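Asker: Each chain is listed here by its residues.
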Amino acid sequence: MNEAAWSWEHAAAVLPELLNGLRITVLATVVGMVIASVLGLIVAVVRRSGLRVVTMPIGFLVEFIRSTPLLVQFVFANLLFTQFPSLAVGCVVLGIHYATYMSEVYRAGIDAVPKGQWEAAIALDLPRSRTWGAVILPQAIRNTLPGLGNYAISMFKETPFLFAIAVVEMYTAAQQYGANNFRYIEAITLVGLLFLLVSYPTSLLVRRLENRLA
Amino acid sequence: MSDNLQQLVELLPQLGEGILVTLELTLGGAVLALLIAFTLGFGSRARTKWARVPSRVVVEFFRGTSLVVQIFWLYYVLPLPPFYVELDPLACGILALGLNYGAYASEVVRGSINSVAKGQWEAAVALDLGPVHRMRRVIMPQAWPLMIPMFTNLLIQLVKGSALAAYISLHDLNFFTEELRERTSETVFSYTVGLLLYFAVAYLLTLGMNALEVRAKNRLGAGPSLREVLRLAPVQTTADVGAGTPASTASKGGDRA
Amino acid sequence: MPENDTTPAIEFRGVVKQFGHNTVLDGLDFSVAQGDRVTLIGPSGSGKTTILRLLMTLEEADGGLIFVDGDPYTHEMRGDKRVAIPEKRRSLVRRRVGMVFQQFNLFPNMTVLENIIEAPIHVLGKSKAAAITDAEALLDKVGLAEKRDERPTKLSGGQQQRVAIARALAMEPDILLLDEVTSALDPELVADVLGVLRNIAETTDITMLIVTHEMQFAREVSNRVLMFDGGKIVEEADPETIFTSPSHERTQEFLRAIL
Numbered sequence: 007m008n009e010a011a012w013s014w015e016h017a018a019a020v021l022p023e024l025l026n027g028l029r030i031t032v033l034a035t036v037v038g039m040v041i042a043s044v045l046g047l048i049v050a051v052v053r054r055s056g057l058r059v060v061t062m063p064i065g066f067l068v069e070f071i072r073s074t075p076l077l078v079q080f081v082f083a084n085l086l087f088t089q090f091p092s093l094a095v096g097c098v099v100l101g102i103h104y105a106t107y108m109s110e111v112y113r114a115g116i117d118a119v120p121k122g123q124w125e126a127a128i129a130l131d132l133p134r135s136r137t138w139g140a141v142i143l144p145q146a147i148r149n150t151l152p153g154l155g156n157y158a159i160s161m162f163k164e165t166p167f168l169f170a171i172a173v174v175e176m177y178t179a180a181q182q183y184g185a186n187n188f189r190y191i192e193a194i195t196l197v198g199l200l201f202l203l204v205s206y207p208t209s210l211l212v213r214r215l216e217n218r219l220a
Numbered sequence: 017m018s019d020n021l022q023q024l025v026e027l028l029p030q031l032g033e034g035i036l037v038t039l040e041l042t043l044g045g046a047v048l049a050l051l052i053a054f055t056l057g058f059g060s061r062a063r064t065k066w067a068r069v070p071s072r073v074v075v076e077f078f079r080g081t082s083l084v085v086q087i088f089w090l091y092y093v094l095p096l097p098p099f100y101v102e103l104d105p106l107a108c109g110i111l112a113l114g115l116n117y118g119a120y121a122s123e124v125v126r127g128s129i130n131s132v133a134k135g136q137w138e139a140a141v142a143l144d145l146g147p148v149h150r151m152r153r154v155i156m157p158q159a160w161p162l163m164i165p166m167f168t169n170l171l172i173q174l175v176k177g178s179a180l181a182a183y184i185s186l187h188d189l190n191f192f193t194e195e196l197r198e199r200t201s202e203t204v205f206s207y208t209v210g211l212l213l214y215f216a217v218a219y220l221l222t223l224g225m226n227a228l229e230v231r232a233k234n235r236l237g238a239g240p241s242l243r244e245v246l247r248l249a250p251v252q253t254t255a256d257v258g259a260g261t262p263a264s265t266a267s268k269g270g271d272r273a
Numbered sequence: 003m004p005e006n007d008t009t010p011a012i013e014f015r016g017v018v019k020q021f022g023h024n025t026v027l028d029g030l031d032f033s034v035a036q037g038d039r040v041t042l043i044g045p046s047g048s049g050k051t052t053i054l055r056l057l058m059t060l061e062e063a064d065g066g067l068i069f070v071d072g073d074p075y076t077h078e079m080r081g082d083k084r085v086a087i088p089e090k091r092r093s094l095v096r097r098r099v100g101m102v103f104q105q106f107n108l109f110p111n112m113t114v115l116e117n118i119i120e121a122p123i124h125v126l127g128k129s130k131a132a133a134i135t136d137a138e139a140l141l142d143k144v145g146l147a148e149k150r151d152e153r154p155t156k157l158s159g160g161q162q163q164r165v166a167i168a169r170a171l172a173m174e175p176d177i178l179l180l181d182e183v184t185s186a187l188d189p190e191l192v193a194d195v196l197g198v199l200r201n202i203a204e205t206t207d208i209t210m211l212i213v214t215h216e217m218q219f220a221r222e223v224s225n226r227v228l229m230f231d232g233g234k235i236v237e238e239a240d241p242e243t244i245f246t247s248p249s250h251e252r253t254q255e256f257l258r259a260i261l
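Protein chains in written order, with this note's numbering: chain A, 7 to 220; chain B, 17 to 273; chain C, 3 to 261.
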């Protein structure tokens, strides 16, 4: 074999494709996180205030989604909803999967609001919607920011699972380059480094936020 | 539907193999992860830079680079020059899972050790217990119950991550699910079966880990003993219940307010 | 072991301790004679607890020297350089010092008996049988013989503290440090703990260094009281004098505030 172990040429050639993929990766993370944040909050509030007939099935569903592989869920959803683009299906699945985690973050955040706040709201005779909207949630959300950040990072690192439904995010781009050129080393190594390059500084920021809020 | 079940029964041997491979990956990955977690966890809190800095670098590296990339790097790149290391796919999967979740778990180890009350460390110093003895007899027995619930979460993550194995030529549960779909041409049926199987694996592991947690807490003199929990006898403890209920996160809805 | 009776049990020479920019001890000198029972009083933040923690190597002095029975403890002078003493040698000195904490700090993963015998077996190298015999005698002394196989978490605060005292005594220390040992207790449990300590003071010749807010206890047990303020000793006298006719203005203020 006269091939060099590492070729900067290949590295240079694959990089633009990876950066293109990074755009999709970030897009999926942002859209997924928006869905997860909203849906997670709804789940948390419903589970807290709803009836047993509602909370039990939701509880099971949350636990089910949370303890089964995202990868399999991607493929399943993609097979079911062939009429939608894979990227859209992927974002929604990501969002739903992480909503199950986010709902726990919200729940903890709501639980962390002192009991006196609920009691004060009752003493003031505030309607339920005001109690939630003006008293509890504003305090709870603050507590959830680090959790939100951490899950955004972990979602970012799970977007490569999208390769299974042929969404050309960063990893799939590398995979394709590798297959087309029979050169994997630069492509896959660089993807790893790009993930590190984005996720590590972000996680430092989240840690700072955690310390500030703690 | 009965056709589907018929197919499922015919595929039982493959199902058995699928579960076996998934369990092998899970247990292999978990044992490796545990070893790595304690090595890097202790390394990260070592006094000398020479142990601490490399540990931190390894932890951040494996946390930061994504499991998918790691597993395929081991699978596609490692056999190439300059490495020429061709791993068996199962070893490849176990190694990737172990390294990735080991890095996460090392943070659990570090954090749990650090969160043992300061007074416990001080009392051990006051009794002149040496560092190793202190860790083994005083700190670890108290840090361990703190680690278990977080280990449980990571273990479930690991099971989920193991589904990647199907893409490195292993016939795991994920592979079986696809096989079932091809045989039945029934997406909903096959994937529901597949996901339920994953759920069952995760649920059983959670049960086991919860039992471990109850036992560890009971040894600290907190919470009921495992026997009491299993007997479902009315237990009169002050706090710390909830550890006994499997998948406690799901069952606690908080129905007040 | 004491070399002779004139060697102080504890001696601080020019000890400096800072926390960040806050200087808690600024060149502190004082000594405690063998068998003395010394109570440190003073407003919070005056450095009393820091003195105990330095003696337990839970804090590291930034300057000065500490001697136990005349032996350099954490640092020594080599020529005119102050150098740290390695952990192995510190440990030999530390073995003579015991401490009882405000928060008891019993090990929850061990029974009462196991808490007491752990260090005698593994540090002093006692046989298990001997350690148990001694531990039972100590439990008897603190009035908790029947609790030997209980978990600490099942005991009241006062009982836990008495176990902690037994645990410290099991190491047969020459010096016992008592750091606000009754501050975390409900008022009705204080008397039992103080009774145990009074008994120890009467029946042993252990040197005691006490930080407490229980002035009555200080008066009964100690033979010397040191009033601290701003990291310095502002007054030093026998308890009778200091509690009835304190001479320093800060002492008067302090006693007026807490009595």
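Keep in mind the hints are simulated off the structure, nothing from the lab.
Computed from a predicted structure; not experimentally measured.
Each hint should be verified, as a subset may be incorrect.
Unchecked claim - Derived coverage of chain B by chain A (criterion: at least 3 residues anywhere in the stretch with Cβ under 8 Å from a Cβ of chain A; other residues may be distant):
#: 1; segment: 103-113
#: 2; segment: 159-165
Said to hold, decoys possible - For lysine-lysine, the following DSS-like pairs were computed, each having C-alpha atoms within a straight-line distance of at most 30 Å:
#: 3; chain 1: C; residue 1: K156; chain 2: B; residue 2: K65
#: 4; chain 1: B; residue 1: K134; chain 2: C; residue 2: K128
#: 5; chain 1: C; residue 1: K143; chain 2: C; residue 2: K156
Cβ atoms here follow ideal geometry from the backbone N, Cα and C, with glycine treated the same way.
Asker: For each hint given before, does the structure comply? Return the numbers of the non-compliant ones in rising order.
Answerer: Violated hints: 1, 2 and 3; rest satisfied.
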